[in-house]
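2 protein chains.
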Amino acid sequence: MTEHTLKQFDIDLDRIRRGVLQMGGMVEAQFTKALEGLRSGDMASIEAAIEADKSVNLEQIRLDNACTHIIAKHQPTASDLRLLLTVIKAVSDLERVGDEAKKIAKAARRLHANGTSSPPKVGLSHATQLALEMLRAALDGFARGDAGEIDAIRLKDTEVDSDFKGITRQLITYMVEDPRTITSSLELLFIAKAIERIGDHALNIAEHVVYMVSGEDVRFTKAQTSGMSGTEARP
Amino acid sequence: MTEHTLKQFDIDLDRIRRGVLQMGGMVEAQFTKALEGLRSGDMASIEAAIEADKSVNLEQIRLDNACTHIIAKHQPTASDLRLLLTVIKAVSDLERVGDEAKKIAKAARRLHANGTSSPPKVGLSHATQLALEMLRAALDGFARGDAGEIDAIRLKDTEVDSDFKGITRQLITYMVEDPRTITSSLELLFIAKAIERIGDHALNIAEHVVYMVSGEDVRFTKAQTSGMSGTEARP
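So the protein lines, in turn, are chains C and A.
Once you know that position 161 of the first sequence is 161 in UniProt numbering, the rest is easy, because the numbers rise by one and skip nothing.
Once you know that position 130 of the second sequence is 130 in UniProt numbering, the rest is easy, because the numbers rise by one and skip nothing.
Next up, chain C with everything else stripped away, as it sits in the complex (with noise of 0.2 Å):
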């Protein structure tokens, strides 16, 4: 490459860098905003939350034909590569996060619009804290291209798997005794989920930013793959 378009490469990738930076404050501002909407009931953070989806759908579409651009432009190799395509990767999953984002909105709505028997008191806020720390511990990852952090968002991972469970059976319970809950708790139960699966999403972003850092793809390492390096395998 030319010395200028070495300097436009740079500054593209600098631009992908921060667009997915601030992709992340918007899914992060999304996430909560659908939160408080639950706990306060506000319909105008509700709607917020839900509209916000839009342009995070967008914003990812925006980045991945960036990043394919990009690619097809400069060709890039090695680790320039691998930060392209962490990037296509890792916007997927906060597009993914958004569209919990707003299905947690959408329950809330109907919860709080319905208006009926009041919803069954669960004890989400543990679960909510940790998909958010995981959330931002991921983007920070990416940020400083450091991957130290998956071994603790891990462990986060399965603390906001069982607090799912947990939420399940206590719904169950609240079901059984009184029927009239089954509604309201069946809301909370996807909303439970939706939680959980923000931090599967915020999971996968810091197993792609290990890939991103060290070349080595650590999906599924804990099932079967461990150390499977990120270029030995062919078709």
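A portion of the hints provided could be inaccurate.
Taking lysine-lysine and the DSSO-like style, the derived pairs with C-alpha atoms no more than 27 Å apart in a straight line are [claimed, not checked]: (1) C:K73 to A:K73; (2) C:K193 to A:K165; (3) A:K121 to C:K165.
For the record, the hints were derived by calculation from the structure and aren't laboratory data.
With chain C's structure known, arrange chain A on it following the hints.
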């Protein structure tokens, strides 16, 4: 590229294409086994569907890495690059279909293991059939490099979604009428949700194929990005 490299490149691309279709076949078989186990309670089918997820996960990593390797090695542009990026996205959706099939199998195992009060009868077969057809049509479109089925697949996705809503209403009725069915009804709800998500992933794959064929990004088209070009956007 030299003629030899070109030949190697074509061989690699062809392997990738066949790899995706093989992975699609694996996932379809896993999904079918899970449903078979749900219907019959045959533990061998259920365990096979759960076990199959590991190979599906490895297959995604293998194809994903192979695409990255080819992009780095041959630095393809235009339609070849679009094919490889489409594969990276499509195998991620296929892997998630595998996850959902595994969830169905695990819920089926719990349902039949508990063996308590016979689970409520809900019609899952229509949604299941549609989801399978969507998956086949999406993979077929990939194989033929033809995105003509996208509208039909979208239509089926809407049908699956409304099926899911209907099933949810039906299960709520069961639960209200007989709280003893709550636990098994929830398992069926999770299963119906998994089927609905498999439809979503099939639609994603079909949309990736549109991009592969036309270079046009049609994700969220119905929402707000109609006709957005595959390379217009910039960060």
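Here is what the structure says about each hint:
no. : hint             : result
1   : C:K73 to A:K73   : holds, 15 Å
2   : C:K193 to A:K165 : holds, 17 Å
3   : A:K121 to C:K165 : holds, 25 Å
Checked against the numbered hints given earlier, this structure breaks none of them.
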